[in-house]
Amino acid sequence: MSNSHSIVRVSGVTKIFKLRKHDVEALRGVDLEIYSGEYLSIMGPSGSGKSTLFNMIGGLDKPSSGKVFIDEVDIAQLDAYELAWLRCRKIGYIFQTFNLIQVMTALENVTLPMIFAGMHNDAAVEKGLELLGVVGLGDRFQHKPFELSGGQQQRVAIARAMANDPAIILADEPTGNLDLTTGEEIIELLKRLSEENSVTVISATHDFKMLSVSDRVVWIRDGRIDKVEEREQLSISVGEIAHRG
Amino acid sequence: MIKSANKRTEISRQVVLPFMKSLEISLKSIRVRFFRSMITTVSFILGVSFLTFVRVGTDTANGLLQTQDPTYRQALMQAGYDLEPGATSTGSSAKERWIVILSLLVCVVGIVNAQLMAVTERFREIGTIKCLGALDSFVLRLFVLEAGMQGLAGAGIGALLGTVAALLNSIIRFGLVAWKHVYWLAVAKSIVFALTVGCVLSLLGVIYPAIVAARMHPVEAMRVEQ
Chain A
1 MSNSHSIVRV
11 SGVTKIFKLR
21 KHDVEALRGV
31 DLEIYSGEYL
41 SIMGPSGSGK
51 STLFNMIGGL
61 DKPSSGKVFI
71 DEVDIAQLDA
81 YELAWLRCRK
91 IGYIFQTFNL
101 IQVMTALENV
111 TLPMIFAGMH
121 NDAAVEKGLE
131 LLGVVGLGDR
141 FQHKPFELSG
151 GQQQRVAIAR
161 AMANDPAIIL
171 ADEPTGNLDL
181 TTGEEIIELL
191 KRLSEENSVT
201 VISATHDFKM
211 LSVSDRVVWI
221 RDGRIDKVEE
231 REQLSISVGE
241 IAHRG
Chain B
246 MIKSANKRTE
256 ISRQVVLPFM
266 KSLEISLKSI
276 RVRFFRSMIT
286 TVSFILGVSF
296 LTFVRVGTDT
306 ANGLLQTQDP
316 TYRQALMQAG
326 YDLEPGATST
336 GSSAKERWIV
346 ILSLLVCVVG
356 IVNAQLMAVT
366 ERFREIGTIK
376 CLGALDSFVL
386 RLFVLEAGMQ
396 GLAGAGIGAL
406 LGTVAALLNS
416 IIRFGLVAWK
426 HVYWLAVAKS
436 IVFALTVGCV
446 LSLLGVIYPA
456 IVAARMHPVE
466 AMRVEQ
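First to last, the protein sequences are chains A and B.
Going by our numbering, the first sequence runs without a break in its numbering and finishes at 245.
Going by our numbering, the second sequence runs without a break in its numbering and finishes at 471.
Among the clues, some could well be false.
Straight-line distance between alpha carbons at most 25 Å, and here's what the computed SDA-like set of lysine to any residue pairs gives [as the list claims (entries may be wrong)]:
#1 LYS62/A with MET461/B
#2 LYS434/B with ARG369/B
#3 LYS273/B with LYS227/A
#4 LYS191/A with LYS18/A
#5 LYS434/B with VAL345/B
#6 LYS434/B with LEU310/B
#7 LYS227/A with GLY47/A
#8 LYS67/A with VAL228/A
#9 LYS266/B with LEU83/A
#10 LYS90/A with VAL422/B
#11 LYS434/B with VAL261/B
#12 LYS191/A with ARG231/A
#13 LYS266/B with GLY37/A
#14 LYS266/B with LEU129/A
#15 LYS67/A with MET104/A
#16 LYS273/B with ALA123/A
#17 LYS266/B with LYS191/A
#18 LYS144/A with LEU310/B
#19 LYS434/B with ALA423/B
#20 LYS90/A with VAL345/B
#21 LYS144/A with MET362/B
#22 LYS67/A with THR105/A
#23 LYS62/A with ALA423/B
#24 LYS273/B with ARG9/A
#25 LYS90/A with VAL261/B
#26 LYS127/A with MET461/B
#27 LYS90/A with VAL213/A
#28 LYS273/B with ARG140/A
#29 LYS18/A with TYR326/B
#30 LYS62/A with MET265/B
#31 LYS90/A with THR105/A
#32 LYS266/B with VAL24/A
#33 LYS191/A with HIS206/A
By construction, these hints were calculated from the structure, which means they are not laboratory data.
None of the values given here were measured: they were computed from a predicted structure.
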């Protein structure tokens with residue numbers, strides 16, 4: 001990992017939410033470096049600040065103090081246009097609830113980000129079909145989301161996230177709404193795509209199935225990084241988790 | 246510094262939503278939520294057809310007055326038109342105008358309500374397309390286009406219904422002779438006026454909801470609870 005450059009750098013980030021008169025500290029100073037091409041999982045119980053950190057990394061939220069750099073660009077310095085561009089070209093999002101546009105077919109869902117990126121319609125359709133083929137839905141491109149199963153919808157969402165060849169894929173509990181085997185398939189697919197296209201995959205999860213494919217796991221507790229584990233260390237602690245769980 | 250300036254111009258060219266594509270998306274949204282769209286459109290139809298009914302009614306009355314025939318004048322007075330002696334034209338009464346304005350006002354409030362509901366219903370969709378790189382202006386455009394189409398359809402049908410109703414009404418009241426003296430240019434003007442009012446109202450009604458939608462944060466898409 002030492003020779004790959006860092007794609008996301010989080011330094012001294014705090015986030016305070018104002019709830020009426022109380023200030024809630026969701027993050028209390030987080031430093032983290034994520035390298036290009038790695039598969040990183042952010043683990044932590046709900047309320048730990050996991051989602052907040054995740055949203056910061058994805059440029060969806062701005063820190064109260066500290067800095068988040070994506071590809072060495074401070075996201076706090078970006079205007080609305082540049083943020084939109086970043087979301088369109090640099091980051092692919094995958095959601096727990098799939099979030100396909102219900103009124104559009106699978107293919108149209110996949111081509112939409114490419115249209116935003118200024119790609120010509122025919123080229124976008126061609127690439128969209130290719131991507132749907134890669135995720136194993138080549139023959140279902142004309143189906144609407146409600147005609148697809150949860151796993152299939154998540155596959156379309158993955159194809160959509162890959163549409164503009166992003167450097168980062170952010171997956172927020174990608175297996176949260178899926179059953180065990182489907183979840184495993186989705187994790188396998190993400191891992192394969194990340195290796196084939198050297199995309200950085202960052203996922204927030206509390207699905208232990210994610211651990212076996214992760215290069216590193218970041219554990220968040222009470223708004224701080226509790227520990228960061230490399231894959232080699234993981235096999236030992238997974239036993240511990242199973243014991244804990 | 247030069248490098249960042251270059252990047253900026255490059256960026257401004259790269260996030261786009263062609264007009265035809267936005268039209269296509271809006272049409273699809275209307276088709277999928279057809280029933281909801283129908284309710285919004287019906288409120289336009291009612292408001293605009295009332296407006297057209299009143300205006301075209303006045304137009305036919307004017308047509309009759311222009312014949313200078315005292316029997317028609319008598320019939321019009323009986324029908325409730327306030328005519329000054331010797332007047333050759335009549336406008337709608339102040340009371341009528343107020344009722345029309347009020348009905349259109351109610352119509353706009355209804356539209357704002359319906360569009361706000363549409364926005365809350367679609368927060369996830371809006372958040373998602375913002376995650377995919379949509380600018381505030383894309384979202385604004387989608388909502389305005391959708392409302393514009395609903396407004397145009399509603400105003401069109403409303404104007405047609407109102408005109409037909411007003412013409413039938415005057416035929417029933419004054420006989421087929423009213424049809425002969427209709428001043429068609431005035432009727433056409435009334436229809437164009439009603440169409441314009443309908444479109445303006447639909448845009449007026451969607452501005453606030455569309456701004457709410459456009460300002461929505463992309464992080465909304467992550468929310469799990471329905």
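Here is what the structure says about each hint:
Distance check on the hinted pair: LYS62/A and MET461/B sit about 15 Å apart at the alpha-carbon level, within 25 Å; holds. Simply put, LYS434/B and ARG369/B have alpha-carbon atoms about 43 Å apart, too far for the 25 Å limit, and the pair is violated. Proposed proximity of LYS273/B and LYS227/A is contradicted: the alpha carbons are some 48 Å apart, above 25 Å. A hinted pair counts as satisfied when its Cα atoms are at most 25 Å apart, and LYS191/A with LYS18/A does not qualify at roughly 38 Å.
As the CA atoms of LYS434/B and VAL345/B are separated by approximately 17 Å, the hinted pair is consistent with the 25 Å bound. Proposed proximity of LYS434/B and LEU310/B is supported: the alpha carbons are some 19 Å apart, at most 25 Å. Straight-line distance between C-alpha atoms of LYS227/A and GLY47/A comes to about 17 Å, which keeps the hinted pair within the 25 Å bound. The suggested pairing of LYS67/A with VAL228/A holds, with an alpha-carbon distance near 20 Å, which does not exceed 25 Å.
Between LYS266/B and LEU83/A the CA atoms are separated by roughly 22 Å; this keeps the pair inside 25 Å, and the hint holds. For a cut-off of 25 Å, the pair hint linking LYS90/A to VAL422/B is broken: about 72 Å separates their Cα positions. With a CA separation close to 39 Å, the supplied pair LYS434/B and VAL261/B exceeds the 25 Å bound. Of the supplied pair hints, the one linking LYS191/A and ARG231/A holds, its CA atoms being roughly 14 Å apart against a limit of 25 Å.
Our distance criterion of 25 Å between C-alpha atoms is broken by LYS266/B and GLY37/A, whose separation comes to about 34 Å. Our distance criterion of 25 Å between C-alpha atoms is met by LYS266/B and LEU129/A, whose separation comes to about 19 Å. Restraint check for LYS67/A and MET104/A: not satisfied, since their Cα atoms lie roughly 37 Å apart, outside the 25 Å limit. As the CA atoms of LYS273/B and ALA123/A are separated by approximately 22 Å, the hinted pair is consistent with the 25 Å bound.
Distance check on the hinted pair: LYS266/B and LYS191/A sit about 33 Å apart at the alpha-carbon level, beyond 25 Å; violated. Between the alpha carbons of LYS144/A and LEU310/B the distance comes to roughly 60 Å, so the proposed pair goes past 25 Å and is violated. As the CA atoms of LYS434/B and ALA423/B are separated by approximately 18 Å, the hinted pair is consistent with the 25 Å bound. Proximity of LYS90/A to VAL345/B is assessed by CA-CA distance (about 53 Å); at most 25 Å being required, the pair is judged violated.
This hinted pair checks out: LYS144/A and MET362/B have alpha carbons roughly 23 Å apart, not beyond 25 Å. Between LYS67/A and THR105/A, the direct Cα distance comes to roughly 39 Å. Violation of the 25 Å bound is thereby established for this hinted pair. At roughly 69 Å between alpha-carbon atoms, LYS62/A and ALA423/B are farther apart than 25 Å, so this suggested pair is violated. Taking the CA atoms of LYS273/B and ARG9/A, the gap is about 41 Å. The hint is violated against a cut of 25 Å.
Restraint check for LYS90/A and VAL261/B: the C-alpha separation of about 16 Å stays at or below 25 Å, so the hint holds. This hinted pair does not check out: LYS127/A and MET461/B have alpha carbons roughly 30 Å apart, beyond 25 Å. As the CA atoms of LYS90/A and VAL213/A are separated by approximately 23 Å, the hinted pair is consistent with the 25 Å bound. For the suggested pair LYS273/B and ARG140/A, the alpha carbons sit about 19 Å apart, so the restraint of at most 25 Å is met.
Proximity of LYS18/A to TYR326/B is assessed by CA-CA distance (about 63 Å); at most 25 Å being required, the pair is judged violated. At roughly 34 Å between alpha-carbon atoms, LYS62/A and MET265/B are farther apart than 25 Å, so this suggested pair is violated. Under the criterion of a C-alpha separation no larger than 25 Å, the hint pairing LYS90/A with THR105/A is consistent with the structure, at around 24 Å. A threshold of 25 Å between alpha carbons decides the hint, and for LYS266/B with VAL24/A the separation of about 43 Å lies outside it, so the pair is violated.
For the proposed pair LYS191/A and HIS206/A, the alpha carbon gap of about 17 Å is at most 25 Å, so the pair holds.
Consistency with the previously given hints fails for numbers 2, 3, 4, 10, 11, 13, 15, 17, 18, 20, 22, 23, 24, 26, 29, 30 and 32, ordered from lowest to highest.
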